[in-house]
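Chains G and W, in that order, give the protein sequences.
With positions in the first sequence counted from 1, the corresponding number in this note's numbering is that position plus 241.
With positions in the second sequence counted from 1, the corresponding number in this note's numbering is that position plus 275.
Simulated from the structure, these hints should not be mistaken for lab results.
Treat the numbers as computed from the prediction; the structure is a model and nothing was measured.
Among the hints, erroneous ones may be present.
Okay, the calculated bits of chain W under chain G, using three or more residues with CB under 8 Å as the criterion [stated by the list, open to error]:
no.	stretch
1	431 to 441
2	578 to 589
Here are the computed lysine to aspartate or glutamate pairs in the DMTMM-like style, where the Cα-Cα straight-line distance is at most 20 Å [as the list claims (entries may be wrong)]:
no.	chain 1	residue 1	chain 2	residue 2
3	W	LYS647	W	ASP554
4	G	LYS327	W	ASP324
5	G	LYS322	W	ASP460
6	G	LYS327	W	GLU473
7	G	LYS244	W	GLU480
8	G	LYS331	W	GLU502
9	G	LYS327	W	ASP510
10	G	LYS331	W	GLU473
11	G	LYS329	W	GLU469
12	W	LYS464	W	GLU326
13	G	LYS499	G	GLU542
14	G	LYS335	W	GLU469
15	G	LYS274	W	GLU299
16	G	LYS437	G	GLU542
17	G	LYS322	W	ASP478
18	G	LYS299	W	GLU473
19	G	LYS329	W	GLU328
20	W	LYS521	W	GLU473
21	G	LYS335	W	GLU480
22	G	LYS322	W	GLU328
23	G	LYS329	W	GLU433
24	G	LYS329	W	ASP324
25	G	LYS331	W	GLU469
26	G	LYS327	W	GLU469
27	W	LYS532	W	ASP510
28	W	LYS622	W	GLU591
29	W	LYS320	W	GLU299
30	G	LYS329	W	GLU299
31	G	LYS331	W	ASP324
32	G	LYS327	W	GLU299
33	G	LYS327	W	ASP554
The beta carbon of each residue, even a glycine, is placed where N, CA and C say it ideally should be.
One-letter residues, chain by chain:
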Amino acid sequence: MNKELTKHFAQGHSSCAGCGFPAAVRTILGEAKTPIVVANATGCLEVTSTIYPYSAWKVPYIHSAFENAAATISGVERAYKALYRKGKIKGRIKFIVFGGDGGTYDIGLQSLSGALERGHDFVYVCYDNGGYMNTGNQRSSATPYGAATETTPAGKESFGKMETRKNLMEIVNAHRVAYAAQANVAYLQDLKKKAKKALETEGPSFLNVFSPCQNNWKFPTSQYVNVAKLATETNFWPLYEISAIGGSAYGGENGKYKITHEPSQPKPIAEFLKTQGRFKHLFNEKNNPVIDRIQKMVNEEFARIVSLTGE
Amino acid sequence: MIHSTKKLALTGGYAAALALKQIEPDVMPVYPITPQTPIIETYAKFCADGEAETEMIEVESEHSAMSAAVGASAAGARTVTATSSQGLALMNEILYIASGMRLPILMLVSARALSAPLNIHGDHSDVMGARDAGWIQIFCENSQEVYDKTIIGMKLAEKVKLPVMVIMDGFNTSHSVENLEVLDDKTVKKFVGEYRPEKHLLDIENPVTYGALALQNVYFEFKIDQEEAMGKAADEYEKITGEYEKISGRKYGLFEKYKTKEAEKILVIAGSAAGTAKDAVDELRKKGEKVGLLKIELFRPFPYKEISAALKNAKEIIVMDRSLSSGSKPAIYSEVLCSMYNVSSIKTSSIVYGLGGRDVFKKQIEQILEGKFNGNYLT
Chain G
242 MNKELTKHFA QGHSSCAGCG FPAAVRTILG EAKTPIVVAN ATGCLEVTST
292 IYPYSAWKVP YIHSAFENAA ATISGVERAY KALYRKGKIK GRIKFIVFGG
342 DGGTYDIGLQ SLSGALERGH DFVYVCYDNG GYMNTGNQRS SATPYGAATE
392 TTPAGKESFG KMETRKNLME IVNAHRVAYA AQANVAYLQD LKKKAKKALE
442 TEGPSFLNVF SPCQNNWKFP TSQYVNVAKL ATETNFWPLY EISAIGGSAY
492 GGENGKYKIT HEPSQPKPIA EFLKTQGRFK HLFNEKNNPV IDRIQKMVNE
542 EFARIVSLTG E
Chain W
276 MIHSTKKLAL TGGYAAALAL KQIEPDVMPV YPITPQTPII ETYAKFCADG
326 EAETEMIEVE SEHSAMSAAV GASAAGARTV TATSSQGLAL MNEILYIASG
376 MRLPILMLVS ARALSAPLNI HGDHSDVMGA RDAGWIQIFC ENSQEVYDKT
426 IIGMKLAEKV KLPVMVIMDG FNTSHSVENL EVLDDKTVKK FVGEYRPEKH
476 LLDIENPVTY GALALQNVYF EFKIDQEEAM GKAADEYEKI TGEYEKISGR
526 KYGLFEKYKT KEAEKILVIA GSAAGTAKDA VDELRKKGEK VGLLKIELFR
576 PFPYKEISAA LKNAKEIIVM DRSLSSGSKP AIYSEVLCSM YNVSSIKTSS
626 IVYGLGGRDV FKKQIEQILE GKFNGNYLT
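All chains should be modelled from the sequences, with the hints used to inform the complete structure.
Dropping the structure here:
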C-alpha cells in the first residue's frame with residue numbers, strides 16, 4: 242500500500258471491505274502539518290483499529306469511552322498547554338477526535354458541546370453512517386427518515402424511522418466555532434481542502450463526513466463511492482462550510498454558508514434510496530408518499546442552505 | 276528531619292486546596308457539586324492570583340471531569356480533580372477506565388449521601404459505591420489528615436500507577452474549621468517529586484495507543500496485572516507514610532489503633548466520627564472499661580491480614596458504617612468479617628450511623644461500647 246497514504250493510519254485494520262471511514266481518516270490526517278494526537282469514541286473505527294496487541298495508529302491515540310471523546314481530548318489539549326508552558330513539550334501539536342454519529346449526535350453531544358464552548362484547539366470529525374453500526378444497526382438521531390434499522394424495522398405499521406435527522410451542523414454552528422463543514426468520503430479533494438482549513442483553524446473546528454456502511458445500508462462492497470456520490474448528487478448530503486460570526490474567515494465571509502460542490506442538475510432522491518437495502522421497503526406502492534416527503538425535505542433543506550450563502 | 280511547619284486554622288476543603296497547590300498539578304478538570312465546592316473555588320482563586328499554574332478545565336459534568344482527567348493523565352500531566360455524591364456516581368464508568376489504564380489521577384472526595392431522596396450532607400454512600408472501581412481509597416478524620424493524605428496520595432498514585440481517592444466527610448470535615456500544621460512549599464515539592472511518566476500521548480516520537488480493545492485472549496491478564504498492582508499498593512503506602520512522618524512528624528498507617536492494647540471491645544470506624552469515638556473511648560477508659568478503637572485509613576486495598584492481627588485479641592468487635600449496602604452487610608463490616616473469618620469466636624456486630632448527615636454524639640458511642648445500644652441503625 243502507498244506509504245504516504247498509510248503514514249498515520251496503517252493497513253491491516255479490520256474494518257469491512259467497502260467501509261467509508263478508512264479513506265476519510267487517512268485524508269484528514271494527511272493534511273496535518275504538525276504532529277497530531279487522536280482521540281476516538283467507542284465505535285467501528287475504534288474496535289477495528291486497536292485489537293490488542295495490534296494498533297493501526299501510527300500517531301498517539303486514545304480511546305476512553307463512547308460519550309466522552311471530546312472531553313478526553315479537552316484533557317489532552319490542556320495537558321499539552323500546561324507542559325508546553327513549562328518547557329516539557331516543544332513544538333506545536335494539533336488534536337483530532339473521530340466519533341461516529343452515535344458517539345456525536347447522541348451520547349456524546351454534551352461532551353462535544355462542552356468542548357466546543359470551552360474553545361479547545363481541536364478538530365472534531367464525525368463520520369456519519371446514520372446509525373449504531375458497531376452494535377448491529379440500530380437507529381440513531383442521524384438515521385435518515387424512512388430508513389429501516391433493527392430498532393426501526395419496516396413492517397405493516399411502519400415505514401422505518403419516522404423521525405427526521407437531527408441537524409448537527411446547526412447545533413455546532415450555534416457554538417460559533419470558527420469553522421464547520423460538511424464533507425463526503427466520495428469527494429476526497431473537497432474533504433482534503435476542508436480538513437486543511439479545519440486543521441489550520443485555531444480553536445475548535447468541526448467536520449461532518451458522510452461515510453457509507455455497506456453492511457447495514459445493504460449494498461455491494463464495491464459500491465461505497467457510488468452510493469456516497471449519489472448522496473451529494475441528489476442534495477441529500479450537501480457539501481458546504483460555515484464560518485461563524487466572530488470566527489476566522491476560512492471558507493467564506495463571517496456568518497456565511499458556502500456550498501463547495503453543487504450538482505448542476507440534482508438527481509431525484511429515489512436514485513440514492515434505491516441503491517440501499519435499508520430503503521427497499523419505500524419502493525412498495527403504499528410507501529410512495531414517504532419518498533415524496535423525503536424529496537420535499539431534501540429540497541427544503543438545500544434551499545435553506547442556499548439562502549444562507551447569500552446568493 | 277522535621278521541616279518548618281506553620282499552624283493554621285482551615286476547613287478540610289481549604290486544606291485540600293492548599294495541599295494541591297503545593298503538589299503543583301498540571302491539569303485539574305472540575306465540575307461543581309456541594310460539598311466539594313470549597314476545594315475547587317479555593318483552587319480557582321489560587322490560579323486567579325497567580326499562586327498556582329494549573330490548567331483548570333471547567334467542564335460541563337463530572338463525567339467529563341473524569342474523562343478530561345483521563346485524557347490529561349494519559350498525556351503525561353500530573354492530574355487532580357475533586358467531587359462528591361452524585362458527581363462520583365456520574366463518574367463511575369470512567370473511574371474504571373482511569374484505573375484500567377493505570378493512570379495516577381488524584382481525586383479529593385467530599386463524601387456525601389446519594390439521592391433519592393436528595394440530601395447534600397455527609398455520609399459514605401458515594402465512596403462505598405466506588406469501592407470496586409480499582410481506585411486506592413484513603414479515609415481522613417480531620418483537616419490535618421486531608422492535608423497530609425492529599426500529599427501522600429499524589430506520591431502513592433504516581434509510584435504505583437493507580438488512581439487514588441482521598442476521602443473527607445462532607446461538611447463535617449470539608450466545611451469545619453480545624454487547627455492544622457502545614458509544611459512549606461519546598462518541602463512538599465521535594466517530597467512529591469517531579470512526575471515523569473514512562474509513556475504518554477504527547478511523546479510524538481514514540482506513539483502509543485491507549486484504550487485498546489482487549490478480547491478474550493488478553494483481557495483477563497490485564498485485570499490480573501491491575502489487581503497485583505493494587506495488592507502491592509499497601510506496602511508502598513506504608514513506605515510513603517513512613518517517609519512523610521520523617522518530614523512532618525505525623526504518623527499514618529494502614530489504620531490507626533487507639534487504645535486497643537488489652538481492649539476487650541474494639542470499635543471500628545472511618546472518617547470524622549473517629550474523633551468523636553476517641554472521646555467516647557477516653558471517657559470509658561477513665562471508668563475502667565477495656566475499650567478501644569480501630570480507625571480505618573486505607574480502605575482499598577483493604578489490609579485484611581493486619582486488621583485481623585489488630586483485632587484478634589478482642590472479645591467483641593463493633594463496626595460502625597456510614598453507608599448501607601442494600602441487600603447485603605455494610606461495607607466496612609463486611610471487610611472486617613472477612614478479615615476475622617478464621618478467628619470466629621469473636622462476637623461481631625454492625626451498626627449503621629450518620630446517613631444523610633445525621634449527627635452522631637459521643638454519648639451514643641459510649642452507649643454502644645457499654646452494650647446499651649441494641650439495633651443495626653443508630654438514628
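Here is how each hint holds up against the structure:
Under a criterion of three residues with beta carbons nearer than 8 Å to beta carbons of chain G, the stated coverage of the stretch 431 to 441 of chain W fails, only 0 such residues being counted. As drawn, the stretch 578 to 589 of chain W meets chain G at 0 residues by the rule of a beta-carbon pair under 8 Å; below three, the given contact is violated. Taken as a hint, the LYS647/W and ASP554/W pair is honoured in the structure, with Cα atoms around 18 Å apart against an allowance of 20 Å. Between LYS327/G and ASP324/W, the direct Cα distance comes to roughly 18 Å. Compliance with the 20 Å bound is thereby established for this hinted pair.
For the hint linking LYS322/G to ASP460/W, the alpha-carbon distance of about 24 Å lies beyond 20 Å, and the restraint is violated. Taken as a hint, the LYS327/G and GLU473/W pair is honoured in the structure, with Cα atoms around 18 Å apart against an allowance of 20 Å. Restraint check: the Cα-Cα separation between LYS244/G and GLU480/W comes to about 18 Å, which is no more than 20 Å; the hinted pair holds. Restraint check: the Cα-Cα separation between LYS331/G and GLU502/W comes to about 36 Å, which exceeds 20 Å; the hinted pair is violated.
Pair hint LYS327/G plus ASP510/W does not hold up; C-alpha atoms about 33 Å apart against a cutoff of 20 Å. At roughly 18 Å between alpha-carbon atoms, LYS331/G and GLU473/W fall within 20 Å of each other, so this suggested pair holds. For the hint pairing LYS329/G with GLU469/W, the CA-to-CA distance comes to about 12 Å; that is within 20 Å, so the pair holds. At roughly 14 Å between alpha-carbon atoms, LYS464/W and GLU326/W fall within 20 Å of each other, so this suggested pair holds.
For the suggested pair LYS499/G and GLU542/G, the alpha carbons sit about 14 Å apart, so the restraint of at most 20 Å is met. About 26 Å separates the Cα atoms of LYS335/G and GLU469/W, which puts this hinted pair outside 20 Å; it is violated. A distance of roughly 33 Å separates the Cα atoms of LYS274/G and GLU299/W; the hinted pair therefore is violated under the 20 Å criterion. For the hint pairing LYS437/G with GLU542/G, the CA-to-CA distance comes to about 26 Å; that exceeds 20 Å, so the pair is violated.
Of the pairs offered as hints, the one joining LYS322/G and ASP478/W holds, with about 14 Å between alpha carbons and a cut-off of 20 Å not exceeded. Of the pairs offered as hints, the one joining LYS299/G and GLU473/W holds, with about 18 Å between alpha carbons and a cut-off of 20 Å not exceeded. In summary, the hint linking LYS329/G to GLU328/W is supported, as the alpha carbons are separated by about 14 Å, within the 20 Å threshold. Restraint check for LYS521/W and GLU473/W: not satisfied, since their Cα atoms lie roughly 28 Å apart, outside the 20 Å limit.
Taking the CA atoms of LYS335/G and GLU480/W, the gap is near 15 Å; set against the 20 Å cutoff, the hint holds. Our distance criterion of 20 Å between C-alpha atoms is met by LYS322/G and GLU328/W, whose separation comes to about 11 Å. Of the pairs offered as hints, the one joining LYS329/G and GLU433/W holds, with about 18 Å between alpha carbons and a cut-off of 20 Å not exceeded. For the hint linking LYS329/G to ASP324/W, the alpha-carbon distance of about 24 Å lies beyond 20 Å, and the restraint is violated.
Between LYS331/G and GLU469/W the CA atoms are separated by roughly 18 Å; this keeps the pair inside 20 Å, and the hint holds. The suggested pairing of LYS327/G with GLU469/W holds, with an alpha-carbon distance near 12 Å, which does not exceed 20 Å. For the suggested pair LYS532/W and ASP510/W, the alpha carbons sit about 18 Å apart, so the restraint of at most 20 Å is met. With a C-alpha separation of about 5 Å, the suggested pair LYS622/W and GLU591/W falls inside the 20 Å cut-off, and the hint holds.
For a cut-off of 20 Å, the pair hint linking LYS320/W to GLU299/W stands: about 14 Å separates their Cα positions. A hinted pair counts as satisfied when its Cα atoms are at most 20 Å apart, and LYS329/G with GLU299/W qualifies at roughly 15 Å. About 27 Å separates the Cα atoms of LYS331/G and ASP324/W, which puts this hinted pair outside 20 Å; it is violated. About 12 Å separates the Cα atoms of LYS327/G and GLU299/W, which keeps this hinted pair within 20 Å; it holds.
For the hint linking LYS327/G to ASP554/W, the alpha-carbon distance of about 48 Å lies beyond 20 Å, and the restraint is violated.
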